[in-house]
Amino acid sequence: MKKLILVAALLGSAGAVGAQSTMSVNAPAPPPPPAVATQPPAPAADMKAVLDAHASLAPKPIETLSPLRARLQPSAADATRKVMRTRGLSTAPDPAVTTQDLPYGSDPMQYARIYKPVAAANTGAPLPVIVYYHGGGWVIADVNVYDAAPRLLSKQLNAIVVSVEYRHAPEAKFPAQHDDAAAAYRWTLQNAASWGGDAARMALAGESAGGNLAVATAIYARDNGLAAPLHILSVYPIANSDMTLPSRRDSANAKPLNTAMLAWFGHYYSTSMADQQDPRINLVKANLRGLPPTTIVNAQIDPLRSDGETLAVAMRAAGDKVEQRTFPGVTHEMFGMGSVVRGAYDANQYAVQRLKAALNVR
Amino acid sequence: MKTLFTAAAIAAATLAAPALAQVQTPAEYVATAGASDLYEITSSRVVLETTSDARVREFAQMMIDHHTKSTADVKAAAGRSRVRPAPPQLNPTQAEFVTELRAETGPARDKAYVAQQKASHNQALAVQKAYAAEGTAPALKTTAGQIVPVVQSHIQMLMAM
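In order, the protein sequences belong to chains A and B.
All letters in the first sequence, in the order written, are residues 1 to 362 by our numbering.
All letters in the second sequence, in the order written, are residues 1 to 161 by our numbering.
FYI, nobody ran anything at the bench for these hints, they're computed from the structure.
Predicted model only: the values in this text are computed from it and were never measured.
Fair warning: there could be bad hints in the mix.
[Stated by the list, open to error] To give an idea of the interface, some chain B residues facing chain A are shown, with a C-beta separation under 7 Å as derived from the structure: (1) 21; (2) 22; (3) 92; (4) 93; (5) 100; (6) 104; (7) 108; (8) 111; (9) 112; (10) 118; (11) 119; (12) 123; (13) 134; (14) 159.
The C-beta atom is built at its ideal place from N, Cα and C for all residues, glycine as well.
Can you build the whole structure from these sequences, using the hints too?
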């Protein structure tokens with residue numbers, strides 16, 4: 001009998017296949033999910049060139065690594081710069097935009113990179129302000145990796161872009177990232193004027209995990225009496241915790257993001273499996289009523305494609321104004337590849353036009 | 001009973017796995033830290049060839065000095081930990097970073113350098129902090145702990161650049 005109880009106890013804890021990690025960056029990777037044979041659709045030739053460049057930098061599969069080792073892997077942005085360099089393009093940051101790093105909290109991770117167009121320096125007219133959240137599944141990457149999109153938005157919209165760094169998991173687990181995102185939005189509302197920004201013309205934006213934060217922060221603003229942003233740009237967000245979504249299967253083996261990586265991120269950012277059902281992560285089940293007009297951008301070859309598509313449906317059902325587009329032949333992370341991938345350029349231009357209209361930029 | 005025993009064995013094996021942290025091995029830590037230092041020194045030399053920005057010049061010279069010292073410190077600690085370090089080698093991404101720097105001229109090279117420094121120092125800090133917290137070779141662990149505040153001071157300087 002004693003043995004039986006012991007067995008039950010062992011099974012009870014070990015049975016939690018999705019058992020969550022410790023807060024160490026050396027915490028081991030979770031067991032891999034079952035392999036899926038389905039191969040993703042072929043990328044466009046220019047998209048494939050970036051994926052090939054990524055492979056040439058010898059990345060190890062993120063889903064097999066500890067967070068520390070995962071943070072040392074080459075990024076899609078590294079691959080994009082390599083393609084730019086081989087085509088004779090400059091990989092240096094566009095000097096049409098300057099940056100300044102400022103803290104918004106006491107943790108070293110709580111700072112923001114403020115992008116400001118040089119052309120606006122002497123006009124004196126207050127600029128629209130976009131608060132942008134980077135991706136990386138809340139575990140990897142940072143404001144340095146996600147430089148392309150905020151820099152482009154600042155230049156093309158003649159806007160201040162506040163690219164928010166936030167505490168990462170597993171050192172700080174959910175909802176630390178959502179708390180930081182909200183704090184950074186509040187801080188921006190209070191300080192935008194001192195940077196030459198117009199706090200009455202704000203938008204929220206983000207990619208991937210940051211695309212989730214953009215929507216979740218708009219919900220936070222609605223529920224906490226903060227000024228609402230005029231628009232949300234959510235690029236391939238994490239928004240639906242249903243692991244049977246079509247894109248989870250058809251893009252299970254896509255690159256640079258695969259379905260196994262989504263489980264890997266969850267293993268590190270969640271404290272318990274219940275976190276996956278929290279409406280801040282599972283946005284499709286959140287109260288979405290009364291949110292600002294929203295643009296959702298997706299890539300065809302991306303396990304998160306269905307997240308954006310189902311979020312658009314859920315927001316429309318809640319009465320929000322939503323436009324959603326899925327760009328063919330491109331993958332997750334494409335939004336930072338507009339200089340070398342046509343589909344990404346199209347997605348950039350679409351997002352810029354939507355934000356121009358929303359922020360009343362000529 | 002046999003089934004139960006098997007179940008228990010599987011459960012025990014599954015339980016045992018997560019208990020072991022995937023800390024870098026001493027040799028892996030030494031190689032990673034060495035590559036990171038080599039990238040810092042190489043890229044700083046490249047920018048010093050062309051920069052006319054006094055702030056960039058001063059920072060790059062400091063990077064050469066500090067990262068030459070941390071390489072020597074890690075090498076000495078490796079000896080005390082009975083790890084024989086191979087000569088450091090850039091990883092493919094670090095080699096690409098250096099190639100990209102060489103492809104830029106004038107102020108664009110300065111800007112590319114600063115952007116690369118911000119990215120690479122965050123990675124360097126992650127490596128040193130992780131080994132300082134849970135490293136298995138005591139001499140290397142102590143050295144990692146001494147390098148952490150140096151890297152943090154570089155990050156503070158970069159925040160103003």
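Results of checking the hints against the structure:
no.: 1; hint: 21; result: holds (4 Å)
no.: 2; hint: 22; result: holds (4 Å)
no.: 3; hint: 92; result: holds (5 Å)
no.: 4; hint: 93; result: holds (4 Å)
no.: 5; hint: 100; result: holds (5 Å)
no.: 6; hint: 104; result: holds (5 Å)
no.: 7; hint: 108; result: holds (4 Å)
no.: 8; hint: 111; result: holds (5 Å)
no.: 9; hint: 112; result: holds (4 Å)
no.: 10; hint: 118; result: holds (5 Å)
no.: 11; hint: 119; result: holds (4 Å)
no.: 12; hint: 123; result: holds (6 Å)
no.: 13; hint: 134; result: holds (5 Å)
no.: 14; hint: 159; result: holds (4 Å)
Checked against the numbered hints above, the structure violates none of them.
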